[in-house]
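All chains should be modelled from the sequences, with the hints used to inform the complete structure.
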Amino acid sequence: MKKFMTLLVKEIRELITKQLVVSLVLMMALFYFIGTITRSEAQRAAGKQKISVYDLDRSPLSGQLVGGLETMNFQVAKVQAADTAAAVSEAKNSETNVLLVIPQGFGDAVSRSASMNVETYTFLRNFSVMGARTSGLLRAVVSAINNVLSDNVLKEKIPGADPQSLKNPIKTKDFIVIKSRMAEGSAALIAGFVSSQSMLIPVILMMIIIYSSQMVISAIAMEKQNKTLETLLTVPISRASIVAAKMLAAGLAGLLSAAIYMLGFRNYMSGLTGDIASAPGVSQVVQKLGLALDAKALVLLGVSLFFAILCALAMATILGVLAEDFRSAQSLIMPMVFLVMIPYFITLFTDVKSLSLPVKVLVLAIPFSHPFLATQNIFLENYGAVWFGILYMAVLFTVLVVIAARIFSSDKVLTMKLRWGKKKKTVF
Amino acid sequence: MSIVLKVEGLKKRYGQLEAVKGIDFEVGHGEIFALIGPNGAGKTTTLRIVATLLSVSDGTVRLFEYDLKTNPEKFRERISYLPEEAGAYRNLKGRDYLKFMASFYADTPAKSQEFVTLAEQITGLGPRLADKVGTYSKGMVRKLLLARALMTRPALAILDEPTSGLDVINSLEVREIIKRFAREGISVLLSSHNMLEIEFLSDRVALIDKGLILDSGTPKSLKEKYQAENLETVFRSALR
Numbered sequence: 001m002k003k004f005m006t007l008l009v010k011e012i013r014e015l016i017t018k019q020l021v022v023s024l025v026l027m028m029a030l031f032y033f034i035g036t037i038t039r040s041e042a043q044r045a046a047g048k049q050k051i052s053v054y055d056l057d058r059s060p061l062s063g064q065l066v067g068g069l070e071t072m073n074f075q076v077a078k079v080q081a082a083d084t085a086a087a088v089s090e091a092k093n094s095e096t097n098v099l100l101v102i103p104q105g106f107g108d109a110v111s112r113s114a115s116m117n118v119e120t121y122t123f124l125r126n127f128s129v130m131g132a133r134t135s136g137l138l139r140a141v142v143s144a145i146n147n148v149l150s151d152n153v154l155k156e157k158i159p160g161a162d163p164q165s166l167k168n169p170i171k172t173k174d175f176i177v178i179k180s181r182m183a184e185g186s187a188a189l190i191a192g193f194v195s196s197q198s199m200l201i202p203v204i205l206m207m208i209i210i211y212s213s214q215m216v217i218s219a220i221a222m223e224k225q226n227k228t229l230e231t232l233l234t235v236p237i238s239r240a241s242i243v244a245a246k247m248l249a250a251g252l253a254g255l256l257s258a259a260i261y262m263l264g265f266r267n268y269m270s271g272l273t274g275d276i277a278s279a280p281g282v283s284q285v286v287q288k289l290g291l292a293l294d295a296k297a298l299v300l301l302g303v304s305l306f307f308a309i310l311c312a313l314a315m316a317t318i319l320g321v322l323a324e325d326f327r328s329a330q331s332l333i334m335p336m337v338f339l340v341m342i343p344y345f346i347t348l349f350t351d352v353k354s355l356s357l358p359v360k361v362l363v364l365a366i367p368f369s370h371p372f373l374a375t376q377n378i379f380l381e382n383y384g385a386v387w388f389g390i391l392y393m394a395v396l397f398t399v400l401v402v403i404a405a406r407i408f409s410s411d412k413v414l415t416m417k418l419r420w421g422k423k424k425k426t427v428f
Numbered sequence: 001m002s003i004v005l006k007v008e009g010l011k012k013r014y015g016q017l018e019a020v021k022g023i024d025f026e027v028g029h030g031e032i033f034a035l036i037g038p039n040g041a042g043k044t045t046t047l048r049i050v051a052t053l054l055s056v057s058d059g060t061v062r063l064f065e066y067d068l069k070t071n072p073e074k075f076r077e078r079i080s081y082l083p084e085e086a087g088a089y090r091n092l093k094g095r096d097y098l099k100f101m102a103s104f105y106a107d108t109p110a111k112s113q114e115f116v117t118l119a120e121q122i123t124g125l126g127p128r129l130a131d132k133v134g135t136y137s138k139g140m141v142r143k144l145l146l147a148r149a150l151m152t153r154p155a156l157a158i159l160d161e162p163t164s165g166l167d168v169i170n171s172l173e174v175r176e177i178i179k180r181f182a183r184e185g186i187s188v189l190l191s192s193h194n195m196l197e198i199e200f201l202s203d204r205v206a207l208i209d210k211g212l213i214l215d216s217g218t219p220k221s222l223k224e225k226y227q228a229e230n231l232e233t234v235f236r237s238a239l240r
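Chains R and F are the protein sequences, given in the same order. Anchor point for the first sequence: position 292 equals 292 in our numbering, and the numbering is continuous, going up by one each time. Anchor point for the second sequence: position 213 equals 213 in our numbering, and the numbering is continuous, going up by one each time.
The hints are simulated quantities; they were obtained by calculation from the structure and are not laboratory data. Each hint should be verified, as a subset may be incorrect.
Cut-off 30 Å, straight-line C-alpha distance, at most; resulting in silico cross-link-like pairs (DSSO-like, lysine-lysine) [what the hints assert, rightly or not]:
{"id": "1", "chain 1": "F", "residue 1": "Lys138", "chain 2": "R", "residue 2": "Lys3"}
{"id": "2", "chain 1": "R", "residue 1": "Lys18", "chain 2": "F", "residue 2": "Lys179"}
{"id": "3", "chain 1": "F", "residue 1": "Lys93", "chain 2": "F", "residue 2": "Lys111"}
{"id": "4", "chain 1": "R", "residue 1": "Lys227", "chain 2": "F", "residue 2": "Lys225"}
{"id": "5", "chain 1": "F", "residue 1": "Lys132", "chain 2": "R", "residue 2": "Lys10"}
{"id": "6", "chain 1": "F", "residue 1": "Lys132", "chain 2": "R", "residue 2": "Lys18"}
{"id": "7", "chain 1": "F", "residue 1": "Lys225", "chain 2": "F", "residue 2": "Lys6"}
{"id": "8", "chain 1": "F", "residue 1": "Lys99", "chain 2": "F", "residue 2": "Lys179"}
{"id": "9", "chain 1": "R", "residue 1": "Lys3", "chain 2": "R", "residue 2": "Lys417"}
{"id": "10", "chain 1": "R", "residue 1": "Lys412", "chain 2": "F", "residue 2": "Lys21"}
{"id": "11", "chain 1": "F", "residue 1": "Lys225", "chain 2": "R", "residue 2": "Lys10"}
{"id": "12", "chain 1": "F", "residue 1": "Lys69", "chain 2": "R", "residue 2": "Lys417"}
Owing to the predicted nature of the structure, the values given are computational and were not obtained by experimental measurement.
This is the structure in structure tokens:
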């Protein structure tokens, strides 16, 4: 055990270098910075929206319209200008993104129940996700105007009637049903929330697998390149311990890297999706439908992730033996990337259950598909599928470790080489 | 002289290719035994087999009473191997590298320190041992690796081209060190292209070509047999 620990410490020291720590800290700081900005932008977007209004009509009806907008979560800034061009110029230089121009004769036309054009000017200041909300704001303004005006007309024409009931005689009550659980709420909103929350898991998994695999392959390749492997293989420590120390060190380094990325990425994502979570009733509906990951679900997900990482490490160990040097190690990471990307995109865009049987078998044969599917299987109470995935990965890991240990205990650790475009030669 | 290593009928095949075709030799206690031959003769393959890196296709290799096929771990506890193109971990300091390697052979911290102290003397690197291996010259790395190979006083030191890449002064120092350790009872199995080195170091040599031992004996007896002035001529005559 002492020898193993000595080897493990050496492997960790080789992998967790100052360069890695600095890059992780910088990445964390970058994610934090971006997350803080997006969060403040999202909060601003969710708050009272500022709009500019240039009222050329100055009638009691246009005054009512402005008052109505103020009651509908808009902060109205009245523009005093000589003409529309000057009003546009003034609004453009202010903090508002939308200018509403109420034309002369607006009140008169509305009182005659005639259609009247109001002009809206949207100032697109950037093309980011947050910037795109401006177009949504414009739609909200027009809808609000129509609401205010139609309410006023209905109140005037049918005194005592509720304008909302007249305009929307049919009301819907939305329910979401998942297995045995049911809750009242918008399916689109909940689906958006769950998707935004579970999106984090595949991204983290992808990072861990790629990081850890790259570390194992590089560690073995570096031993070969620096000509230290032969010496290491002749010291009195079992080959299985050598393989295990490399895998464990890479796993720890991969987990550390992924944990730091996860924290940073979570901060970044909460900035983008925070408004969905804070939408009225979302958290209660999520709880009621069991769509929040509780402690048991997190443990199950963690076990699934853990076995996926172990499989990746074992595969990478076998691939690492094929590397001649650090450069060839970089190309050997590609099969691992493909094996991660295939289930990632399939689970992102389609339902695995809807695939044809051969494709489904192929996807499920990839060990990394199982943790990708684990979240939705947990949400849908398909615990059997989650346990099957874990069992499959455990068996596959055992097989891969046996293969890796056999390779390390044989000549192959020194003689196996992947030579692109060259005939395999044996050197003696 | 007791036998430390006994090789009988050793063969090594890579698929269809037979790199070693059935060789026999012994290395006695405190003896320096050298394999000499051209490139591709099977010297390094033989050394790698004895060092437990490659498997035996046929024949037996015994270290004391232990058979390589069944007890490779017993071999590893009693041998040390210096490959021709060896390196050390560049991120480790010289002394840390020695401590790291010593920890695999020592049962106690005191024993480990004893190995490191001996290695420090062998290297002669002094304060440079506090620097990272990545800053060392090729000669310094070679001395560090030789010290690593000898510090545990193995029963058998397997040295492949021990002075490879060293200048004249460093080569002389390394040869003296090997000679000194052999006098203290360490058996040495080495290979080299440098016939002067072989003649200076070896008690016995084996001439190997195309996977077969052509002849063996003390440098003196071989020179007498082939009526040659030096081992280079012996080697040329044996090849004919």
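Results for each hint:
1. As the CA atoms of Lys138 of chain F and Lys3 of chain R are separated by approximately 28 Å, the hinted pair is consistent with the 30 Å bound.
2. Distance hint between Lys18 of chain R and Lys179 of chain F is unfulfilled; the C-alpha atoms sit about 42 Å from each other, more than 30 Å.
3. For the hint pairing Lys93 of chain F with Lys111 of chain F, the CA-to-CA distance comes to about 20 Å; that is within 30 Å, so the pair holds.
4. Restraint check for Lys227 of chain R and Lys225 of chain F: the C-alpha separation of about 40 Å exceeds 30 Å, so the hint is violated.
5. A threshold of 30 Å between alpha carbons decides the hint, and for Lys132 of chain F with Lys10 of chain R the separation of about 14 Å falls inside it, so the pair holds.
6. For the suggested pair Lys132 of chain F and Lys18 of chain R, the alpha carbons sit about 15 Å apart, so the restraint of at most 30 Å is met.
7. Note on Lys225 of chain F and Lys6 of chain F: the hinted pairing holds, with a Cα-Cα distance of about 25 Å set against a maximum of 30 Å.
8. Proposed proximity of Lys99 of chain F and Lys179 of chain F is supported: the alpha carbons are some 24 Å apart, at most 30 Å.
9. For the suggested pair Lys3 of chain R and Lys417 of chain R, the alpha carbons sit about 29 Å apart, so the restraint of at most 30 Å is met.
10. For the suggested pair Lys412 of chain R and Lys21 of chain F, the alpha carbons sit about 20 Å apart, so the restraint of at most 30 Å is met.
11. Proposed proximity of Lys225 of chain F and Lys10 of chain R is contradicted: the alpha carbons are some 52 Å apart, above 30 Å.
12. Taking the CA atoms of Lys69 of chain F and Lys417 of chain R, the gap is about 25 Å. The hint holds against a cut of 30 Å.
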